[in-house]
Amino acid sequence: MSKNIFVVDDSATMVMSLKTSLELAGFKVETANDGVQALNKLNGGFKPDLILTDINMPNMGGLDFIRAARALPGLRFIPILVLTTESQQNKRDEAKKLGATGWLVKPVSGVDLLKVIKQVVPGA
Amino acid sequence: MLELTNNTAIVTDVLAVEDAEPLLVWLQQHPHGKVDLSGCTHLHSATLQVLMAAQPTFIAWPPAADLAAWLQVALKVNTNVAVSNPF
Amino acid sequence: MISLLQQFLTEAREILEAVGDQLIGLETAPHDAARINELFRLVHTLKGNSGLFDFPDLTKVLHSAEDLMDAVRNEQITYTQTLADHLLAAADFISILLDEIQTQGCYTAERATEAQTLITALRTLRHSSDVHSETTPPPIEIQSGAPANSLLSRNTPTHQSLLKTLAILPESERMTYYRQLAAGMTNCWVRYQPEEECFYKGEDPFFLITQLPTPSWRRVSSRESWPALFELDAYRCNLEFELIVTAPIDELFEHFRYIPEQVIIEQIVLNDLIWPLVGIEKAGIALDDFIRTAQTRLATNDLTGLRHAVRTLLELTAPESRIASALRWLLLTTEITPLAHTIHHALLASIAPSYTLSDQNATPPAAAINTTAALDPLCFAVQQDILTAARTIAELTDTPPHWAGRMHALASGLAGLFTSLDQPTAVETLKIALEQSLMTGTATPMQAWLAAQSTSIQVLTETITAPAPQISPISNGTHSLPAARNGQHSSAVAADDDAKFGRRAEDNLPAPRTLKVDQGKVDRLMNLIGEMVVAKNALPYLAGRAENLFGVRELAREIKAQYAVINRIAEDMQDAIMQVRMMPVSFVLQRFPRLVRDLARKLNKDVQLTMEGEDTEADKNIIEALADPLVHCVRNSLDHGLETSEQRRAVGKSTTGHLIIRATTVSDRVVIEIIDDGRGIDAQVIRHKAYERGLIDEVQLERLTDHEAINLVFLPGFSTAEQITDVSGRGVGMDVVRTAIAKVNGHIELTSERGKGTRLKLSLPLSMAVTNVMIVRAHERRFGIPMDAVVETVRVPRNSISIVKHRQTVVLRGRLVPLVALNNLLGLSEPPHANDDDAYATLVVRIGNEHLGILVDDFRETVDIILKPLNGILAPLKGYAGSALLGDGSVLLVLDLQELVSCSN
Chain L
0 MSKNIFVVDD
10 SATMVMSLKT
20 SLELAGFKVE
30 TANDGVQALN
40 KLNGGFKPDL
50 ILTDINMPNM
60 GGLDFIRAAR
70 ALPGLRFIPI
80 LVLTTESQQN
90 KRDEAKKLGA
100 TGWLVKPVSG
110 VDLLKVIKQV
120 VPGA
Chain X
0 MLELTNNTAI
10 VTDVLAVEDA
20 EPLLVWLQQH
30 PHGKVDLSGC
40 THLHSATLQV
50 LMAAQPTFIA
60 WPPAADLAAW
70 LQVALKVNTN
80 VAVSNPF
Chain G
0 MISLLQQFLT
10 EAREILEAVG
20 DQLIGLETAP
30 HDAARINELF
40 RLVHTLKGNS
50 GLFDFPDLTK
60 VLHSAEDLMD
70 AVRNEQITYT
80 QTLADHLLAA
90 ADFISILLDE
100 IQTQGCYTAE
110 RATEAQTLIT
120 ALRTLRHSSD
130 VHSETTPPPI
140 EIQSGAPANS
150 LLSRNTPTHQ
160 SLLKTLAILP
170 ESERMTYYRQ
180 LAAGMTNCWV
190 RYQPEEECFY
200 KGEDPFFLIT
210 QLPTPSWRRV
220 SSRESWPALF
230 ELDAYRCNLE
240 FELIVTAPID
250 ELFEHFRYIP
260 EQVIIEQIVL
270 NDLIWPLVGI
280 EKAGIALDDF
290 IRTAQTRLAT
300 NDLTGLRHAV
310 RTLLELTAPE
320 SRIASALRWL
330 LLTTEITPLA
340 HTIHHALLAS
350 IAPSYTLSDQ
360 NATPPAAAIN
370 TTAALDPLCF
380 AVQQDILTAA
390 RTIAELTDTP
400 PHWAGRMHAL
410 ASGLAGLFTS
420 LDQPTAVETL
430 KIALEQSLMT
440 GTATPMQAWL
450 AAQSTSIQVL
460 TETITAPAPQ
470 ISPISNGTHS
480 LPAARNGQHS
490 SAVAADDDAK
500 FGRRAEDNLP
510 APRTLKVDQG
520 KVDRLMNLIG
530 EMVVAKNALP
540 YLAGRAENLF
550 GVRELAREIK
560 AQYAVINRIA
570 EDMQDAIMQV
580 RMMPVSFVLQ
590 RFPRLVRDLA
600 RKLNKDVQLT
610 MEGEDTEADK
620 NIIEALADPL
630 VHCVRNSLDH
640 GLETSEQRRA
650 VGKSTTGHLI
660 IRATTVSDRV
670 VIEIIDDGRG
680 IDAQVIRHKA
690 YERGLIDEVQ
700 LERLTDHEAI
710 NLVFLPGFST
720 AEQITDVSGR
730 GVGMDVVRTA
740 IAKVNGHIEL
750 TSERGKGTRL
760 KLSLPLSMAV
770 TNVMIVRAHE
780 RRFGIPMDAV
790 VETVRVPRNS
800 ISIVKHRQTV
810 VLRGRLVPLV
820 ALNNLLGLSE
830 PPHANDDDAY
840 ATLVVRIGNE
850 HLGILVDDFR
860 ETVDIILKPL
870 NGILAPLKGY
880 AGSALLGDGS
890 VLLVLDLQEL
900 VSCSN
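Protein chains in written order, with numbering that gives the first Met the number 0: chain L, 0 to 123; chain X, 0 to 86; chain G, 0 to 904.
Don't take each hint at face value.
[Said to hold, decoys possible] List time: in silico BS3-like cross-link candidates among lysine-lysine, alpha-carbon distance up to 25 Å:
| # | chain 1 | residue 1 | chain 2 | residue 2 |
| --- | --- | --- | --- | --- |
| 1 | X | Lys75 | G | Lys163 |
| 2 | L | Lys90 | G | Lys59 |
| 3 | L | Lys18 | G | Lys163 |
| 4 | X | Lys75 | X | Lys33 |
It should be emphasised that the hints constitute simulated quantities derived from the structure, not laboratory data.
Every value quoted in this text rests on a predicted model; they were computed, and no experiment measured them.
Assemble the whole structure, with the sequences as input and the hints as a guide.
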């Protein structure tokens, strides 16, 4: 069964790039443009196998989103990876403290992406 | 997936993190319950530690050699004594 | 499907527009933190996206801009006008790059130089103003004492843990590892203690562990002993994993990169494996002779002789004794690592009766032995190889995620070498070089250290021949970071979050249901519906033929009924597609804040721009057609209309000039007004200018109302600017604006009051996709005339036509309407045909503000057509708006009456 991956990023380009790589690799991909939209989808009962989220987003950024998502009962144990740039070391640490599983450094190559997903999602 | 019968817990595919709680409750209620891992491809750490703490009897190990080796090291031996593999 | 590049370009443009908006917004509120944050976010996003493609200059400029905005955001530097200018310049530059990428797939090579100039400027801004607040990098502390987590000092707690683990292994296994290491394999020991809360971070430690290569040794245990099953918390991780695996150490660091504080990784070195020697103590064997012989043979490098002596003694010794173990190790090490003299000596020493058990508990019995580190040629060659390899590694320019691990590994390898060469100073400086490298994130300090060693290596090899005072064990790398276990991910925090976000479940915001569609797709739909309309229009012809030619009236009626249905669907569909093509006026208006700002600064005027009705919608083509004329009008207002602050003050106006751009929908037209409160237009000046330029005669000069006079500016070749400025330029006058607006069936109207201001009103159709035309006949030909222009159709009896000022004229509804024959306009010699009642079919049309009667042979039906502009060799033809395909497959030429009339004049 193909795994569901939830991509949360305000940049349509980034979403398209990730979605294309993931779908080519056989994943099902759901997307949201910011934390608020993402939470709405999760509150609506969507339960992904992995969440990939950007940090800087309008309305609700990635860090607040992680905090909120972890508080949802069904999402306590879901792997969450944050998408960061190389300069965002402090954001990574903060994200880890808030419950992120790991991070990816943008621009994310398809190979890296799949490697990391394989590492955090059993059965992927 | 976790299937709990009267005397056996049968694991198929991935034993997920959410299964840890029901597995623990089942093992608490079935001290002599047996565990069948023959269809298991991976089990989450939380379920692994439940099994390690409960020390049930295992009727079958996973077919994947590496996973079986890990589980046998973790589960067959009840003490903290090291087990080494022959080279 | 649109490509990623296309998506990138589309989004990049949106971001650039938004960047422009924020920058303009910051003009009035330079300390608006929300705007500054948003600006940073936008630039950050764009930079991130650009990284997906190979546009280095684009990315670099964005990177500099991002750094600059980051500094502004963190209040290291203040937002200034100059800063805004540079950011705007960068935005413009990026916009140019995007255009080039769009058209050519890449940007021209010369852009690299421009990019560099911009980057330098942005960097200067970043660094010039932050002298006071820049956080200087902390001075590198050189600790001469025992460093807390030095990788190079051997006696670390983690190394002790490794030795304790290895001590559990039977001698045979340790010997196998020894063989492997000597053969060049890398074996590492990993201890992974996941933090208690790790499950709540989506981690699955066991899964991470099972993805490592199959370990040669492993152990899974509990960190604390298991509680009673009824007290067990399944979700509090109490596991501990330990393993030995054949894998490079930096790969292991990479594997555990998200949780470095929870793992200890040590590379196993030869010396780690030998000790402790396990076995019972057995006295009674005369060892002194053996020791003496063995030491001599070792000193003379007679390993064969030594091994012979060892084998002899081994036969006499109980196999389970500690000495037997030492002898077996001696056999192994002399065979496999004949150059490891220090190890041989240490083993020999351990056999000596003076060697006591307590010494060997944890540390190798190194200190007691006095030996000579003979430097043989092979050993020297190996050292050179190590140094060469180290230099190659240090000079690698890539920066993989495990870069730090690589530096650690490099340093630990070098430390081993220099320790074995007994160069403590070198090892000390190596530590410093490593720390500097890690701190600065560059390999330069390590490279420098290596260079320094290379020059001294020759000297080193000579000095090393002196007896070494003690055996320095081969160092290994301990790379564990202090295990900081943070248990602050408490349930209290989670509960708090619950309260904050829990209610989001109810206020489900509807996600914006917007779909971004490539323009080409909509255009295709438009063309298809055009064809559909044409095909549909063929049905009445078919019905006609069925009835008239084949005489099947019933079928004709059915076809007509079916036509009605298809017609309705087609109309609805057309309407729906037209809706898709509608876009807000803001598409063209959004550039004005920036434009007005720049112009106002350039002209040194103080202008406040107000925009209203930006969400008013109209067809894409209309909106696009508006863009250039609007820019021209706004420029005119700023250049000629609005005064400078001084001029305004002198006439008692507020110093700030006001410019309003307002969009509204009036029935089926969109109306754009550009209103300024500037000096207005002096009708008298216009009259005289027009007269001077021969645009009007003396009679008109007298007779024109002020309103009419002002509208003379739309005549070709009229320019009111007293001086040519680089803002409005010259040559392009208001006539161009009028022509452009007229092309999309728009009107333009100018009103002005001297001293008070000017109002320009553009009125355009909401849509131009489908044109309603009336078909007329002239000299056996059919022509289409856009219904927009048609005021009425009348039959004018020949006898009511009179000649006024040499022109045929008729009085219609109390108004004098000049007449002209279409044949005349088209240059056909034939006079128009009158009908049987001797009346002319006359189309009264509006051209500009005038009415004109056009005599044709006959009127026909009105039809909806998709107007296609003339192209190819027909394109330069004047007088035609375009062509359309009719239902019967014939081509209809549609006239542009305005052009046609002005041509014939």
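Quiz item: Which numbered conditions among the earlier hints are violated in the structure presented, ordered from lowest to highest?
Solution: Going through the list in order, the structure violates hint 3 alone and respects the others.
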